[in-house]
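Number of protein chains: 2
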Amino acid sequence: MSESRSFISRDEAQSPFFVGLDLGGTNIKAGVVDDRGRPLSWLSVPTDADKGPEDAAARMGQAVLQAIADAGLQPSDVARVGLGSPGTMDIPAGKLLKPVNLKGWDDFPIRDRVAHHCGLPVTFANDAAAAAYGEFWVGSGRDFHSMVLFTLGTGIGCGIIIGDFSIDGENSHGAECGHLIINDAEDARVCGCGRRGHLEAYASATAVIKRAEKALTNRHSSSLAARIAEGAELTPKLLAVEAEAGDELSLEIIFEVAQAMGVGIVNLLHTIDPSGVLLGGAMTFGGNQTELGRRFLGRIKEEVNRRAFAVLAERTTIDFASLGGDAGYIGAAGIARVEHMKTNGQAN
Amino acid sequence: MSESRSFISRDEAQSPFFVGLDLGGTNIKAGVVDDRGRPLSWLSVPTDADKGPEDAAARMGQAVLQAIADAGLQPSDVARVGLGSPGTMDIPAGKLLKPVNLKGWDDFPIRDRVAHHCGLPVTFANDAAAAAYGEFWVGSGRDFHSMVLFTLGTGIGCGIIIGDFSIDGENSHGAECGHLIINDAEDARVCGCGRRGHLEAYASATAVIKRAEKALTNRHSSSLAARIAEGAELTPKLLAVEAEAGDELSLEIIFEVAQAMGVGIVNLLHTIDPSGVLLGGAMTFGGNQTELGRRFLGRIKEEVNRRAFAVLAERTTIDFASLGGDAGYIGAAGIARVEHMKTNGQAN
Chain A
15 MSESRSFISR DEAQSPFFVG LDLGGTNIKA GVVDDRGRPL SWLSVPTDAD KGPEDAAARM
75 GQAVLQAIAD AGLQPSDVAR VGLGSPGTMD IPAGKLLKPV NLKGWDDFPI RDRVAHHCGL
135 PVTFANDAAA AAYGEFWVGS GRDFHSMVLF TLGTGIGCGI IIGDFSIDGE NSHGAECGHL
195 IINDAEDARV CGCGRRGHLE AYASATAVIK RAEKALTNRH SSSLAARIAE GAELTPKLLA
255 VEAEAGDELS LEIIFEVAQA MGVGIVNLLH TIDPSGVLLG GAMTFGGNQT ELGRRFLGRI
315 KEEVNRRAFA VLAERTTIDF ASLGGDAGYI GAAGIARVEH MKTNGQAN
Chain B
15 MSESRSFISR DEAQSPFFVG LDLGGTNIKA GVVDDRGRPL SWLSVPTDAD KGPEDAAARM
75 GQAVLQAIAD AGLQPSDVAR VGLGSPGTMD IPAGKLLKPV NLKGWDDFPI RDRVAHHCGL
135 PVTFANDAAA AAYGEFWVGS GRDFHSMVLF TLGTGIGCGI IIGDFSIDGE NSHGAECGHL
195 IINDAEDARV CGCGRRGHLE AYASATAVIK RAEKALTNRH SSSLAARIAE GAELTPKLLA
255 VEAEAGDELS LEIIFEVAQA MGVGIVNLLH TIDPSGVLLG GAMTFGGNQT ELGRRFLGRI
315 KEEVNRRAFA VLAERTTIDF ASLGGDAGYI GAAGIARVEH MKTNGQAN
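Respectively, the protein sequence lines represent chains A and B.
Just so you know, we're using the numbering used here here: the first sequence kicks off at 15 and counts up by one.
Just so you know, we're using the numbering used here here: the second sequence kicks off at 15 and counts up by one.
Careful: at least some of the hints might be erroneous.
Because identical chains share one entry, a pair is satisfied inside a single copy or across any pair of copies.
As the list claims (entries may be wrong) - Taking lysine-lysine and the DSSO-like style, the derived pairs with C-alpha atoms no more than 30 angstroms apart in a straight line are:
| hint | residue 1 | residue 2 |
| --- | --- | --- |
| 1 | Lys112 | Lys315 |
| 2 | Lys224 | Lys251 |
| 3 | Lys228 | Lys109 |
| 4 | Lys109 | Lys315 |
| 5 | Lys109 | Lys356 |
| 6 | Lys356 | Lys315 |
| 7 | Lys315 | Lys251 |
Think of the hints as simulated: they come from the structure by calculation, not from any bench.
All values derive from a computational prediction rather than experimental measurement.
The shape of chain A in the complex, shown without the other chains (with noise of 0.2 angstroms):
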């Protein structure tokens, strides 16, 4: 078992605890936290997908009774755990279904599977939303009564949290939004679904990489085009470098996915209409820490202000989520909490 870092203390903190998983397809963090979504302690363990959902599930079931004994608690401290997990899945049932980054897991029983080898209670949810529940309870959306979270990468998550109440959908497809089509043309950019004119298709980590390996074969006057020929990787990350250093097409390509996250948040803001929007994973170009991801952000803005019904331009609040990597298990932790509290009666 690799880091754990403990945030508060076992007499700082709110009984009763709640444990979250997150499942990635590389690590499997797992954290405690307490009642007011204050983390006590977290570790993260390889995923090792290849050698199967059952050895995973033990895996898993192990690292909450390490964060749980790291936290100085035991597991009768804690009321239930949430497992945040990658689709597909059939959140009801607590299964996997086809999930595209775990190969081999088709149709696992994980919530049960996983309840059994820490032998706690599980809530079953999809990763993106419980990042969203996390970033509502105790990150950027704390003063939120509704809210959008998408995280950028390598694909586009989403989820959509109104009151405690997460979007799941009938089929566990809510809030793929990802797959919003924002450009119906024969000519749209094909998704990494298959499909075309998908916002993933044009404000994913991937779809700027594709964006950018076109545009050079065009213009080599960009920067960009030097640090390749000097053996640098095409990411996101470098683009940010060079648009920094005040390379043109690494902007043009920045401000493009901004255009982009324009059109996907308004078709949300028309739709949800949320307290706010929240931006966050591996692709935000630095968020507040930076000017470019100021700039990236003040972009959207006004791609947003374009396209949208004044007053929800003017009162929706737009902003990076501020929990980064601990979102998942937090907000894992915390649907478990209102599965509780709805099991135990309690008010929130």
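Please build the complex by placing chain B on the supplied structure of chain A, with the hints as guidance.
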């Protein structure tokens, strides 16, 4: 007061009773329904918007009391009144803001004024949400857990229901899905709201008429041209008649509406993942009653199949609404009933 029609008798009906008001630019409908959504009476009175909102509120109060009398009931038999109104509006405040089709009614506290005039508690709702709730409660959506209703008319209305919850949004702008961006190109069609590329600019009656006018300047071979030369008015109804008679241009324009609706519906499927999507309003080309209506629906389904996740295309019901002009007052009464149950702590 104009026509009034009773549906079930006082003896068959199950208490408590609710009254729904459907406020339109031209007429106001008031109807009494029982606890199972079955109408006992309804009547229609002119809105006479130019006489101002206080005058209309008095007329709405009278209409409520008349509908109650027509049903053989006393006001004390009615638990609550629901008022479905066009926007813009502030639902929690019970106020109109700047209703587009009710000039001079800005900032009118309509909920409390109608309550004053009928002496009963009033729940305020968006008219499209009310219609959606009506279909959800006792119409084509009665077997759904969640649904979207699109009403195709001069504009495109939309209501989203999940469980007993209507997505009203934080600023009473939820489910404004006629204003989903389906085309972000510079030359996209301009919507009635002044912005580009919205669904309503492609799939409303207004859009269809504009599109046909433009096409007729180039294609005089269409039988539409002959009808118009004979003095017929260019309407969706005329297009339907000519399409049924074999006119290719008319059918092409109707199928363009189906394509745009397919894109809009896919965006809702990938956001909400509802049990079903229903189509209502004046421009459904005869609905399930005609060959053309069934072809229109079939084409929408094809467009959805091409663009949506397979599991959603397969499992999501897409059909016509069934309550017609009754959806609004029945649904407004239903939303009042939900508030009544919440207030009285009863389960559904």
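Right, here's what the structure says about each hint:
1. Lys112 x Lys315: between (36 angstroms within a copy, 25 angstroms between copies)
2. Lys224 x Lys251: Classified as within; 14 angstroms inside a copy, 47 angstroms across copies.
3. Lys228 x Lys109: neither (40 angstroms within a copy, 53 angstroms between copies)
4. Lys109 x Lys315: Answer is between; shortest inter-copy Cα gap is 29 angstroms, intra-copy 38 angstroms.
5. Lys109 x Lys356: within (22 angstroms within a copy, 33 angstroms between copies)
6. Lys356 x Lys315: neither (37 angstroms within a copy, 38 angstroms between copies)
7. Lys315 x Lys251: Classified as within; 22 angstroms inside a copy, 41 angstroms across copies.
Checked against the numbered hints above, the structure breaks hints 3 and 6 and satisfies the rest.
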